[in-house]
Amino acid sequence: MSTANLLRLIFLAAIWGGSFLFMRIAAPVLGAPVLIEYRVLFAALFLAVMALVLRKPLALRQHWKHYLILGLVNSALPFLLFAFAARTLSVSLMAVLNASTPLWGTLIAAVWSRHPITPKVAIGLLLGACGVALLVGFDHVTSKPGAGIAIVAVLCASFMYGVASNYTRSAASAKGVEPFANAHGSMWASVLLVLPVVPFFPAPATPTIGVMGAVIALGVLCSGVAYLIYFRLIQDVGPSSALTVTFLSPLFGILWGVLFADETIHWYTVAGAGIVVVGTALVTGFRPNFGALRKARA
Numbered sequence: 035m036s037t038a039n040l041l042r043l044i045f046l047a048a049i050w051g052g053s054f055l056f057m058r059i060a061a062p063v064l065g066a067p068v069l070i071e072y073r074v075l076f077a078a079l080f081l082a083v084m085a086l087v088l089r090k091p092l093a094l095r096q097h098w099k100h101y102l103i104l105g106l107v108n109s110a111l112p113f114l115l116f117a118f119a120a121r122t123l124s125v126s127l128m129a130v131l132n133a134s135t136p137l138w139g140t141l142i143a144a145v146w147s148r149h150p151i152t153p154k155v156a157i158g159l160l161l162g163a164c165g166v167a168l169l170v171g172f173d174h175v176t177s178k179p180g181a182g183i184a185i186v187a188v189l190c191a192s193f194m195y196g197v198a199s200n201y202t203r204s205a206a207s208a209k210g211v212e213p214f215a216n217a218h219g220s221m222w223a224s225v226l227l228v229l230p231v232v233p234f235f236p237a238p239a240t241p242t243i244g245v246m247g248a249v250i251a252l253g254v255l256c257s258g259v260a261y262l263i264y265f266r267l268i269q270d271v272g273p274s275s276a277l278t279v280t281f282l283s284p285l286f287g288i289l290w291g292v293l294f295a296d297e298t299i300h301w302y303t304v305a306g307a308g309i310v311v312v313g314t315a316l317v318t319g320f321r322p323n324f325g326a327l328r329k330a331r332a
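Under the numbering used here, the very last position in the sequence shown is 332; numbers go up by exactly one each time.
Everything labelled a hint here was simulated from the structure, so no lab data went into it.
What you are looking at is a predicted structure, and each value in this text was computed from that prediction instead of being measured.
There could be a bad hint or two in this list.
[As the list claims (entries may be wrong)] Keeping only pairs whose Cα atoms sit at most 20 Å apart, straight-line, the calculated EDC-like set for lysine to aspartate or glutamate is:
| id | residue 1 | residue 2 |
| --- | --- | --- |
| 1 | Lys-178 | Asp-296 |
| 2 | Lys-99 | Asp-270 |
| 3 | Lys-178 | Asp-270 |
| 4 | Lys-90 | Asp-270 |
Generate the whole structure from the sequences, applying the supplied hints.
Set out below in structure tokens:
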């Protein structure tokens, strides 16, 4: 991995870790549907501009059904669930719980393709479940009213990401849609899917300039720019190496929570995050390429 790609990977992890902070700032003010409609709209507009600059066709007539499915399971539903949970849960807790996404993806893939789960993967799944249980059992946030439902919402959102990754993998070869078009088309689909819900859940309060700044950052930076970086990493270093962002995002989520949301790092936060990351590494078969890292620093 080159130095440039290593920096892209770290920047992407920092961006996606920051998405939980931005949702924690904006969700109590705007509510989940309004916040997510803003998020996907800003992301779609940004990607539309990039599509014009890069001359990337969308081919809506051929792939509109695919974009709707992908927009539902990869953006609209999980984004709404995360925004709902952000009104109650801490930034660090959401970030670590979201690290369970590869665990869900592996379980879904095993059912989807009917492949048996190996002992190594089973141990990884068990470790991931233990890490989540440790966080939920000790975190004081879970004593708040509605925290249990919020935790289930985050886990369901991570489950939807697992569904989306498996659907995208199976549909990619069949439909021939390139990654950028998937991101662009699914964002416009999400705009249409979330819009009918907005009138039923108006914003509880008038947003300040700071809240709207968080919303714009969530849409443009954490969705639009992040997609561009992620797909560039997949192109340059492959999906397996790009997957390492899964291990770094919770660390940045915890860091941003401490620096900007006055959260405290507890032993169970570090232990739970570590167990989830180790479990995810076992499930995905990830092995750190220290030789590549040394070359990148050289």
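Proposed proximity, Asp-296 with Lys-178 (alpha carbon, max 20 Å): This hinted pair holds, its Cα atoms lying about 17 Å apart.
Proposed proximity, Asp-270 with Lys-99 (alpha carbon, max 20 Å): Violated: Lys-99 and Asp-270 sit about 29 Å apart, past 20 Å.
Proposed proximity, Asp-270 with Lys-178 (alpha carbon, max 20 Å): violated (44 Å)
Hinted pair Lys-90 and Asp-270, Cα distance within 20 Å: The given pair, whose Cα atoms are some 19 Å apart, holds under the 20 Å limit.
The structure does not agree with the numbered hints 2 and 3 stated previously, though it agrees with the rest.
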